[in-house]
Amino acid sequence: MAKLLIHEDQQPLREIRLYKSRLTIGRSSECDIRLASTRVSRKHAQIIRDGEAFFIEDLGSTNAVFLNDAKTRRAALKHGDRIRIHHFVLQFVEDAAVEMLPAENIVLAENVSKQYALGNQMVTALQAISLSVARGEFMALAGPSGSGKSTLLNLIGCIDTPSAGRVSIEGHDVSGKSPDELADLRLNTLGFVFQTFNLLPVLSAWENVEYPLLQKRDVDKHERRKRIEHYLEVVGLARHAHHRPNELSGGQRQRVAIARALATHPRIVLADEPTANLDHKTGEDILRLMKQLNQEEGTTFIFSTHDARVMEMADRVIELADGRITE
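With the first letter of the sequence shown counted as 1, position 130 gets the number 130 in my numbering; the numbers rise by one all the way through.
If you are wondering where the hints come from, they were derived from the structure by calculation, not from laboratory data. A quick note: this is a predicted structure, and the numbers were derived from the prediction, not measured. Any given hint could turn out to be false.
What the hints assert, rightly or not - Computed cross-link-like contacts, EDC-like style, restricted to lysine to aspartate or glutamate with a CA-CA straight-line distance of at most 20 Å:
1) K221 / E207
2) K78 / D58
3) K221 / E296
4) K216 / E229
5) K20 / D69
6) K216 / E181
7) K20 / E30
8) K20 / D58
9) K71 / D9
10) K3 / E297
11) K226 / E297
12) K3 / D58
13) K43 / D315
14) K78 / E94
15) K221 / E233
16) K43 / E94
17) K3 / E296
18) K78 / E110
19) K216 / D184
20) K20 / E296
21) K71 / D81
22) K281 / E312
23) K281 / E297
24) K177 / D160
25) K20 / E297
26) K43 / E110
27) K281 / D307
28) K3 / D315
29) K177 / E110
30) K78 / D50
31) K226 / E210
32) K71 / E8
33) K71 / E57
34) K226 / E296
35) K20 / E312
36) K43 / E8
Said to hold, decoys possible - Ranges of calculated distance between the beta carbons of each label pair, as one might list FRET restraints:
37) P201 / S130: 33 to 41 Å
38) G60 / E247: 45 to 53 Å
39) A76 / H242: 47 to 55 Å
Glycine included, every Cβ here is placed at the ideal spot set by N, Cα and C.
Just need the whole structure built from these sequences, with the hints factored in.
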């Protein structure tokens, strides 16, 4: 596993795991690794993965990129190398004892169609959709209402089943699985962030995050408490742990939903219009939080959205119209 240990003025900031083939570094919110300083260019540099090798490349920055104190335009990285961008130091670390995650698809939809009855008519929601999602991707399904994006998200999340075609999660076809097997998949592999939050109103923020963990037999009381504390802290709600949903703002409720989704350690998070009910600032804060978690924990995120901010931040945007992927 390769990662960057990021320091600012010799103080540790965070750790970024290098799951993707290309990560941009700069002060812009669109960058995968954001360094908040006016001395850092909007898009300053990038880390490129080519097979098992990694490279640092200057993107034409104003104040240059230094590798082990030598100015560089492009160079291969080895364990222990120190990249300096202004007063930030990014140390490249490779753990040879940990096998790197393969770059194979974590989700694969093959010729997927979905029809359902509406009165006496059959409505086609999806038509022969084929789509792959790479591990660690931050991807958006975009399109107008009725385009099929939420239907596709529900099929990937095993909430619904296709009328034709198949969906595979981590190489396993889910179409033939029993209800119990699908429930186990949703509990252990998938996390959900719903547009309407779907929090239990009689439970506190702590208890809402705890609820799915109670279903996991391999998580004991100590581990459960540790995860709840960690993820409520990550989403900035440690002080609101004992507040019920009606005592929280819309943005805070969405943060609880994110903490609940992540506490089970899912490999894929599915978010259905996560910014639709939020004001502009709160929506941007939520997106930055999700992007940070994507970078630091390697979690795959798949959104359904028509929000331009989500599309700008996504690694890839898949546009749908009338149940088909548009070119």
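Hint check results:
Using a Cα cut-off of 20 Å, the hinted pair K221 and E207 holds, with the two alpha carbons roughly 13 Å apart. Taking the CA atoms of K78 and D58, the gap is about 17 Å. The hint holds against a cut of 20 Å. Under the criterion of a C-alpha separation no larger than 20 Å, the hint pairing K221 with E296 is inconsistent with the structure, at around 25 Å. At roughly 17 Å between alpha-carbon atoms, K216 and E229 fall within 20 Å of each other, so this suggested pair holds.
Taking the CA atoms of K20 and D69, the gap is about 26 Å. The hint is violated against a cut of 20 Å. At roughly 14 Å between alpha-carbon atoms, K216 and E181 fall within 20 Å of each other, so this suggested pair holds. For the given pair, K20 sits about 15 Å from E30 by alpha-carbon distance, which is consistent with the 20 Å threshold. Using a Cα cut-off of 20 Å, the hinted pair K20 and D58 holds, with the two alpha carbons roughly 18 Å apart.
Taken as a hint, the K71 and D9 pair is honoured in the structure, with Cα atoms around 19 Å apart against an allowance of 20 Å. Annotation: proposed proximity of K3 to E297 holds, straight-line Cα distance about 11 Å (limit 20 Å). Under the criterion of a C-alpha separation no larger than 20 Å, the hint pairing K226 with E297 is consistent with the structure, at around 17 Å. Simply put, K3 and D58 have alpha-carbon atoms about 19 Å apart, close enough for the 20 Å limit, and the pair holds.
Between K43 and D315, the direct Cα distance comes to roughly 15 Å. Compliance with the 20 Å bound is thereby established for this hinted pair. This hinted pair checks out: K78 and E94 have alpha carbons roughly 8 Å apart, not beyond 20 Å. Taking the CA atoms of K221 and E233, the gap is about 18 Å. The hint holds against a cut of 20 Å. Distance hint between K43 and E94 is unfulfilled; the C-alpha atoms sit about 25 Å from each other, more than 20 Å.
For a cut-off of 20 Å, the pair hint linking K3 to E296 stands: about 9 Å separates their Cα positions. With a C-alpha separation of about 39 Å, the suggested pairing of K78 with E110 is violated against the 20 Å cut-off. Of the pairs offered as hints, the one joining K216 and D184 holds, with about 9 Å between alpha carbons and a cut-off of 20 Å not exceeded. Taken as a hint, the K20 and E296 pair is honoured in the structure, with Cα atoms around 11 Å apart against an allowance of 20 Å.
Using a Cα cut-off of 20 Å, the hinted pair K71 and D81 holds, with the two alpha carbons roughly 13 Å apart. With a C-alpha separation of about 16 Å, the suggested pair K281 and E312 falls inside the 20 Å cut-off, and the hint holds. The hinted pair formed by K281 and E297 fails the criterion: a straight-line CA distance of about 24 Å is larger than 20 Å. For the hint pairing K177 with D160, the CA-to-CA distance comes to about 12 Å; that is within 20 Å, so the pair holds.
A C-alpha spacing of about 12 Å is found between K20 and E297, which places the hinted pair at or below 20 Å, so the restraint holds. Straight-line distance between C-alpha atoms of K43 and E110 comes to about 36 Å, which puts the hinted pair past the 20 Å bound. Between the alpha carbons of K281 and D307 the distance comes to roughly 13 Å, so the proposed pair stays at or under 20 Å and holds. Restraint check for K3 and D315: satisfied, since their Cα atoms lie roughly 19 Å apart, inside the 20 Å limit.
With a C-alpha separation of about 17 Å, the suggested pair K177 and E110 falls inside the 20 Å cut-off, and the hint holds. A hinted pair counts as satisfied when its Cα atoms are at most 20 Å apart, and K78 with D50 qualifies at roughly 13 Å. For the hint pairing K226 with E210, the CA-to-CA distance comes to about 11 Å; that is within 20 Å, so the pair holds. Using a Cα cut-off of 20 Å, the hinted pair K71 and E8 holds, with the two alpha carbons roughly 19 Å apart.
With a C-alpha separation of about 11 Å, the suggested pair K71 and E57 falls inside the 20 Å cut-off, and the hint holds. Of the pairs offered as hints, the one joining K226 and E296 holds, with about 18 Å between alpha carbons and a cut-off of 20 Å not exceeded. Note on K20 and E312: the hinted pairing holds, with a Cα-Cα distance of about 17 Å set against a maximum of 20 Å. A hinted pair counts as satisfied when its Cα atoms are at most 20 Å apart, and K43 with E8 qualifies at roughly 18 Å.
One distance hint, 33 to 41 Å for the beta-carbon pair P201 and S130, holds here, with the actual separation near 40 Å. A C-beta distance of roughly 49 Å is found between G60 and E247, which places it inside the suggested range of 45 to 53 Å. At about 51 Å, the beta-carbon gap between A76 and H242 stays in the expected band of 47 to 55 Å.
Hint compliance for this structure: hints 3, 5, 16, 18, 23, 26 are not met, and every other hint is.
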